[in-house]
Each structure stands twice: as structure tokens, then as C-alpha cells.
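Chemist: Sequence:
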Amino acid sequence: MAAGIPWQQEEWTRPLLEQAGNLVDYVSLHLYGASTHLFSPASGDDDYDAVVAQPTYFEQRIQDYSHLVADLAVKAGVNRPLALALDEWNIRHLEPASWPEPLPSDDGGVVPRDVAVPDEPPTNLRVNRWSPRTLADALFYAGVFHTLHRGAGLPVPPTMANTVNLVNANGLVVARPGGAVKSASYHVWDLYQDSLGSRALATQVDGPARSAAVRQGDERERGGLHTTRPAVVAYLDVTATLTGDRRSLRVAVINRHRSAPIRARIVLDGRGEVLPPTADVRDLGADVDDVLAGNSLSNPDNVSVRRRGRVDVPSGEFEFPPHSVTVLSFGL
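Letter by letter, the sequence shown follows residues 1 to 332 in the working numbering.
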């Protein structure tokens, strides 16, 4: 695996492939989202919309780098298949560097601190590595999974993606002297690993969306403020998979809208009537009111997967709850 400087991709990737392109299997890509919810409520914004939109940034970067690597590999005479490895990715919880250093609490969060609310957006920020993962983060992770599925058909596909970290430091599992708890993000991995199939299918969504200035992860402008780019963010983000035996269709749907359920019709091969009238349903976030909710040792299942059993899906129609991800499993 070869890893380089993400903001100088072409000038680093070109000599890499020219000199060692036939020796590597993966080219590394590091991507981080960024959340300002620890201090943005002072301005009346909990940063939910900015967080759940950032998989669109990941998707653009993955698409761009895939095509760049493919083009440079041809020019360098590389004669072996290459793949992308997101060997570092996560979403960072940022806070003003002037605040007292965060300390881990026994319950899985952060020890309360006396902090000064900034009057203006701070430009000197640091990562709070003890801040609990939230429901908004969980929907961000799900969106990244969908991005990776869609990337399966790229000329240089992402075939490895390793979150940072597994335990503590924004990890999937939070450990404290009194025990451990599965973070909200853990349950996204659990839902997708346990519910989806091994073969990604092409999907198309025709539905509501919003225009937004999408934060480009933790990239900063010269003045320290986050970089944004205009984009269209779909409220419904969908990925579909088949199980290995091709006997079950698994459809995962994120409803990014903060407050509105969205009714949609799932169509297979142009016909909604092809689908069975019922599906096994699992979801995450549908019964959680606070988009910044997380898990703790005292409330370990606050944000976790709920099993709804067999549910009617007449003509492929289903109402997806707000701020949630739902997986429907159809027998074929």
C-alpha cells in the first residue's frame, strides 16, 4: 500500500506510479468529515445538516482520485489492477483550542467544563477525541458506506476502508474503567454487516433534495474557516445489495431530513410489483428525537438497531422516518 499527501495528490501519485506502480496493490486516501456541534449551538445551529451532507464530499473525492489514478496508471504503463484504500477515515468533533482540554468521563463522554461561548466562528480548532459519537454521525457513516458501494464500479475502486479508531479516540467502542459501551457508530457497522448482501447493485433515486454549501471535511481556508463547495444533497440516499445466493434483496435507505418522513416507492427492474408485499425491517434513529443523541454506559442502547419484523410494503411503498437509516430485506 502506498500513502501520500492528500492535498498534493497528482504531484505525489504520478512519480509513485511511474516508479513503483507495478509493485503496489492499493493507493491510500485519507478522508475526514468535520462537526462543529460542540460549539455551534451558540449560533442556533447544531450542525446536523452539515454533518449528514458530508458523504457527498467523500464521494466526490473518491470519484476524482479514482479517475486520476486510472489515468496516471495508463500513462505510467502500470499493467496490474489497482484499488483505493481509505485506510483512515472518520468524522472529527472540533472545538475551540482555547477551551480547557477535554477529559474522559466515567460514563463514556466528556467531563463537564467551564467553556466560553465564542462570539464569532473560531478559526483555531482542535479535535475532541473523547466526544461521544452521535446519531448525526451514524447517518454520516451510513452515507459513506453508500458512497463506497457506488464506487465499486469505478476504474480504480475503493476496496478497503478502515475507520479511525476502533476503541476510544472517536472509536466504535468506548472503554472506561467501569466498563465499555458500543458507540452510535458501532451500530451502523452492525446494521450493514448483518443486514446487507455481498453484491452491490446500481441504484437511482428520484426524490427531494436541497442545494447546500457542503463542508469539505476538515479542509480549511487560509483564514482558518472550513472550505465549502456548492452541491445538491439528496434527502434519500439509497444502496441496494443482493445476498450471495441471490435469494434476497437488501435495500438501505437514509432519510437525511431532520423532521419529515418521506414516502418512497422501491422499483426493481422498472416494476414495483416485482417485489414481495412484505419485508423484514431494521432501522436506526427512527425512535430517537435528538439528532445529537449518543450512547453511554448508563444508557448503552439509546442509539442502536431496532428490529421491526415483517412489515407490509405494498407495491414497494414505504415511509422512511426522519433522521434515520432503514434496511428492508425482500425475499426473491
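Check before you lean on any hint, since a few could be wrong.
Below, simulated EDC-like cross-link-like pairs (lysine to aspartate or glutamate); rule was C-alpha separation at most 16 angstroms, straight line [unchecked claim]:
no., residue 1, residue 2
1, 75, 120
2, 182, 273
3, 75, 114
4, 75, 119
5, 182, 59
6, 182, 301
Cβ pair distances, simulated, as ranges [claimed, not checked]:
no., residue 1, residue 2, range
7, 43, 198, 39 to 47 angstroms
8, 104, 315, 49 to 57 angstroms
9, 176, 274, 19 to 27 angstroms
10, 118, 8, 27 to 35 angstroms
11, 8, 310, 35 to 43 angstroms
12, 173, 24, 30 to 38 angstroms
13, 228, 104, 17 to 25 angstroms
I should point out that these hints are in silico values taken from the structure, not numbers from a laboratory.
Beta carbons are placed, not taken as given, at the ideal position from N, Cα and C, and that holds for glycine.
Chemist: Each hint needs a verdict: does it hold in this structure or not?
Modeler: Hints and how they fare:
1. For the proposed pair residue 75 and residue 120, the alpha carbon gap of about 48 angstroms is over 16 angstroms, so the pair is violated.
2. The hinted pair formed by residue 182 and residue 273 fails the criterion: a straight-line CA distance of about 39 angstroms is larger than 16 angstroms.
3. Proposed proximity of residue 75 and residue 114 is contradicted: the alpha carbons are some 57 angstroms apart, above 16 angstroms.
4. Annotation: proposed proximity of residue 75 to residue 119 is violated, straight-line Cα distance about 52 angstroms (limit 16 angstroms).
5. The straight-line distance between the Cα atoms of residue 182 and residue 59 is roughly 27 angstroms, outside the 16 angstroms bound, and the hint therefore fails.
6. Taken as a hint, the residue 182 and residue 301 pair is honoured in the structure, with Cα atoms around 8 angstroms apart against an allowance of 16 angstroms.
7. For residue 43 paired with residue 198, a C-beta distance near 44 angstroms keeps the hint of 39 to 47 angstroms intact.
8. Checked against the given bound of 49 to 57 angstroms, the beta carbons of residue 104 and residue 315, roughly 50 angstroms apart, stay inside it.
9. Distance hint check: the CB atoms of residue 176 and residue 274 are about 49 angstroms apart, inconsistent with the given range 19 to 27 angstroms.
10. Taking the beta carbon of each, residue 118 and residue 8 are about 32 angstroms apart, inside 27 to 35 angstroms as hinted.
11. Between residue 8 and residue 310 the beta carbons are some 52 angstroms apart, a value that contradicts the proposed interval 35 to 43 angstroms.
12. Separated by about 31 angstroms at the C-beta atoms, residue 173 and residue 24 satisfy the suggested range of 30 to 38 angstroms.
13. At roughly 32 angstroms, the beta carbons of residue 228 and residue 104 sit outside the given window of 17 to 25 angstroms.
Hints 1, 2, 3, 4, 5, 9, 11, 13 from the earlier list are contradicted by this structure; the remaining hints agree with it.
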